Amino acid sequence: MSEQPNTPSFSVTDLRDAVARIDDLATRLAALSSAATQGGIDSLDEPFLGAYFLQMEDLAMEVHLVANDLGMTLRAAA
Numbered sequence: 003m004s005e006q007p008n009t010p011s012f013s014v015t016d017l018r019d020a021v022a023r024i025d026d027l028a029t030r031l032a033a034l035s036s037a038a039t040q041g042g043i044d045s046l047d048e049p050f051l052g053a054y055f056l057q058m059e060d061l062a063m064e065v066h067l068v069a070n071d072l073g074m075t076l077r078a079a080a
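The sequence shown begins at 3 in my numbering and counts up one residue at a time.
Since the hints were derived computationally from the structure, they do not count as laboratory data.
Keep in mind that this is a model prediction, so the values were computed, not measured.
Hints may be right or wrong, so weigh each one.
What follows is a set of in silico ranges between Cβ atoms, one per label pair, in the way DEER data are often shown [unchecked claim]:
no., residue 1, residue 2, range
1, Glu-59, Asp-25, 14 to 22 angstroms
2, Ala-80, Ala-28, 22 to 30 angstroms
3, Leu-76, Ser-45, 23 to 31 angstroms
4, Ala-53, Ala-78, 24 to 32 angstroms
5, Leu-31, Gly-73, 14 to 22 angstroms
6, Thr-39, Asp-16, 33 to 41 angstroms
7, Tyr-54, Asp-26, 14 to 22 angstroms
8, Ile-24, Ala-53, 20 to 28 angstroms
9, Arg-77, Tyr-54, 13 to 21 angstroms
Backbone N, C-alpha and C fix where the C-beta goes; we use that ideal spot for every residue, glycine too.
Please put together the full structure from these sequences, using the hints given.
This is how it looks when you write it as structure tokens:
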């Protein structure tokens, strides 16, 4: 009886796509953070300020989820 090679259930393209997505999201978060630290949000009215921080929260959550999924996939393949 021959053993089947342990092939991962994902492709290199999937990994590249996930890493590219994390990079894109992290870049967007960095841009938003940079604007905030340079006083770019001081002139925003309350509804817009709330929307700004919701956008940052959404991006941060998506980065976390994509990175977590990628990590779980890689651990399962090891």
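Inset, instruction - Would you pick out the hints that fail for this structure and give their numbers low to high? - result: Violated hints: 3, 4, 9; rest satisfied.
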